[in-house]
Amino acid sequence: MATCSFWIDGKKYEAEEGTNLIDAAKENGVFIPSLCYFQHIDPPLGTCRTCTCKINGRNDPACTAYIHEGLQVEVNTPELVDMRKALIEMMFAEGNHFCPACEKSGNCNLQHMGYELGISVTRFPHLFKDRLIDYQPKRMIMEHNRCIKCKRCIEEVLTDDKKRVFMSVNRGNETMIGIDYEQEARLTDEQAVNAMNMCPTGAIIVRGKSMAKPFGERAFDMVSAQKQFKRNVLEKPNRGNFEKKTIATVSLAGCFGCHMSMLDIDEEIMDIAELVSFNKSPLTDIKNFTQRCHLGIVEGGCCNTENIETLKKFREMCDILVVMGECAVWGGLPAMRNTIPLGECLEEAYLNCVTSEQGENTVPYHEDLPKILDRIYSCNEIVKVDYMIPGCPPTATHIWKVVKSLLWGEDYSLLYSEFKYD
Amino acid sequence: MSTDVRQKFFAVDPERAQLLSALWQHQFQDRYISRQVIRHLADKYQLSEIEIEGVVSFYHFFHLKPAGKHTIYLNNSIIAELKGFDRIRETFERETGARLGFTDPSGTFGLFATPCIGLSDQEPAALIDFYPFTNLNALKVKDIINRLKEGKSAAEICDVPQENIRYTPANNRTIFFAPYTRGEAIARLATLKQDGVLEQLRRSELSGRGGAFFPTWKKWDTCRNYTASHKFIICNADEGEPGTFKDRVLLSNQPGSVLEGMIIAAYTVGASYGIIYLRGEYRWLVGKLQEEIEAFHAQDLLGKSIAGIEGFDFDIRLELGAGAYVCGEETALLESLEGKRGEPRTKWFYPVEKGYLQLPTVVNNVETFAAVSRILQLGVDDYLKRGIPGSPGTKLISISGDCERPGIYEIEWGLTIAELLELCGAKDPYFIQVSGPSGEPISIKEKFRRISMLDLKDQKDIRCGGSFMIFNSQRDIVHILMNFSEFFKHESCGVCTPCRAGNFIIQRKLERLQNGLADMNDLKELKSWGTLMKTTSRCGLGKTATNSIIQSLERFDDYFSGRFAKTDNSIIRKFNHQLAVADYERYKP
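Protein chains in written order, with the numbering used here: chain A, 18 to 439; chain B, 464 to 1052.
Derived from the structure by calculation, the hints contain no laboratory data. Even glycine gets a Cβ: it sits at the ideal position worked out from N, Cα and C. Check before you lean on any hint, since a few could be wrong.
Which chain A residues face chain B? A few, computed with CB under 7 Å, are given here [said to hold, decoys possible]:
(1) PRO60
(2) ASN76
(3) ARG188
(4) GLN200
(5) LYS388
(6) LEU390
(7) VAL400
Here chain B is said to cover these stretches of chain A; the calculated rule only asks that three of the stretch's residues, wherever they fall, bring their Cβ under 8 Å from a Cβ of chain B [unchecked claim]:
(8) 100-108
(9) 136-145
(10) 267-274
Please work from the sequences and hints to get the whole structure.
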């Protein structure tokens, strides 16, 4: 095989003729995000489209292109970067991805790509389609909520006599990856674990094996695929005279975890007390706004009418509105109910529940009670949100860095480890 | 010719290629594909059951649950909606006792919706046990169901769809509907030879009439230059684009010219075997096509040494699709022919190099084949007298929607939209969808544009894949776009992210528009997301699915700017409070 010259973003590189573009780029230190690409699947699947680049002037996925002399590739133009980001966001919006409750968190390619591309929120509305969790296979659980239909498992997981275990079923937005119970039972333990490991998300889970690796030792725990990923640490700024600012905080449909995280700042809270004062907040126990605030920090999304009212009040009373944590950003864990009609949730909780007392099973309804919404709404759907801090929960340093930056215009650096929450 | 010899032509087909036919057989016999059948087929083809199930669930005419002794498919395309889909649906539901999407409790009737069944000029229409019933109204539906209940079969009582050929160029300038004699074009092969055929096609500037407009001679010439054990000619009769029915009329009115075109292609590229991939919706045309194939055999125009040309052996068989729009995409069609899910291939090779069974294959549209045989019959010099310079010949256009005379119009290239609208008697046209939902919407302001193949060279002309859907000014554009979006959401093959998820997301956004919650920002997002799908999708379906949305936003500014707030600068977003608590309010004691 001859060595060829090819160009990425105007820079000349060399690779062997016929090498897959993704591999050739990687060898030369250029990062092209990809999910469904697996070196030995030939022809490549080309399903996820995450590696879309401009190849010889055409938008095409890099995984279906091979190196030949004079190949011209654009990878990092602003449009392409945004396009690839959008595709990953689309996957998050399409499936029901609750990372904090997922076994694969930290080993998940999709989550990893999310971090690599700097996604804090998806631009698309979450679809919250009710999807099956299939517990029927002997050893596996198929979590269709998490599947991105990359088709890796279809091509790779075969029984010893070469029969497929997985196959796409249905069509259109109903497409899912079906599993053959009979063939699944014929896989060896090793083959089953391999199937789980090759899944780029947590869609294939093998019972008893999914938590084998502790957090901290997982594939993507603290590693970035890109060498210089926001590692530049800025010097501490020279602070002049500070004007003391007021902050209000609240927890809506959340778990107070973000507030707890905020307190994790430990002794530094003494410094902060000098810089800011808290108005309405669970920290001060002030119930109503007594003045207009510089900054409002909201945790949690909206699950009932009171949440909406509070959120609107915050919007009115605060100059800058920041929402923190996954629940506030897009719904988070409470949004697990979004795939199920409200009626079913209420009846399960209050009417058909085994622990409810005889004759006591009614759905609570009173004029003094807030009304429950048909689904969880993210804060952004109700009011205009100025900034979002993702994370479940975001770390204390992260939150305070944002606050300081917003209130006094300080630049700040964000370490890779500071926005990894798994 | 004996069946033995005939089978030899098709011996190259692998067993698996018969999967779709086998499934059709069981679907007809049992009215669904049972677990036992799946098990049996899995054993037969040495596949796992899930692989068979994957195929069954891909095609919407195959059911995993019993679909009723009589299976009724109602067309839910936008044209059907205009013509009273809802009313007809209600009548069917009342008369059969089956709800849409289900069977009645006794399992006698199954009622399902399906995208366009190619009868847009005689809507409302339905297929009952795959026989056509057209121009339905409440009384007629009642009558049909009663007769079915009495034990009549759908075959006995079905309608014969009208061909509605409304216009052909004056002074006998018609190409497609000229008098036809079997074998007239084939007779010219002996003198023309392969090079002569290609030369005639090159001069005629004939290009792919399925809508891609790729020069036919180039396709054939490329295929001819590959050497292979077998080559194939495939006629793409999977006319799935809603609002299009020209191929149906051609196959019904001029089946011979289509077959003859395939035979000419076979002669030119050196193929020995042809397949007509007919969409399941046109199953009622099977008999006619089989008869025509037999007639060709009887005249030695198919089989061994066709028309006395030594060594020219060719045969044609029919294959039935099973309800999947995406199979009109040529590589998806090939997958389907091989007995697989109709998922488009990644574009490594064009079918002319590696097509059916990875062997060189020519895939052309029905109209292209018909045109080929006519060009040879007339001679290219005569053909060139039609149309305009740079775009010679005629084009079949299916017209439906708000006009007095829906049907087939054979126009000479170069006619203006205004002239065509005049011909079909369109009163107050406002929004004209050209080439189906994946094509482009045209505003009546652009009515002086010509219809020609010159589209790409300058933007003044418009190319047309074969249909005009006309909507008058009373129709709601968002409603039309919603219908298209629902169609694409359902018909995406589900392989690539932007198309599978994108169409779903776009529909949610359109719902916002419909519910009055949108502002200009939403429209901007709609456009940008549509562009994303266009640039990143794997095949034509995803690439074109948002065309109509993007272009409507550009061309119907008067409609959109009047309906949606400029930009929402308010800090409180629009929110439908009542709707959000409606579910909970039901628990009010």
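Which numbered hints fail: Those not satisfied come down to hint 10.
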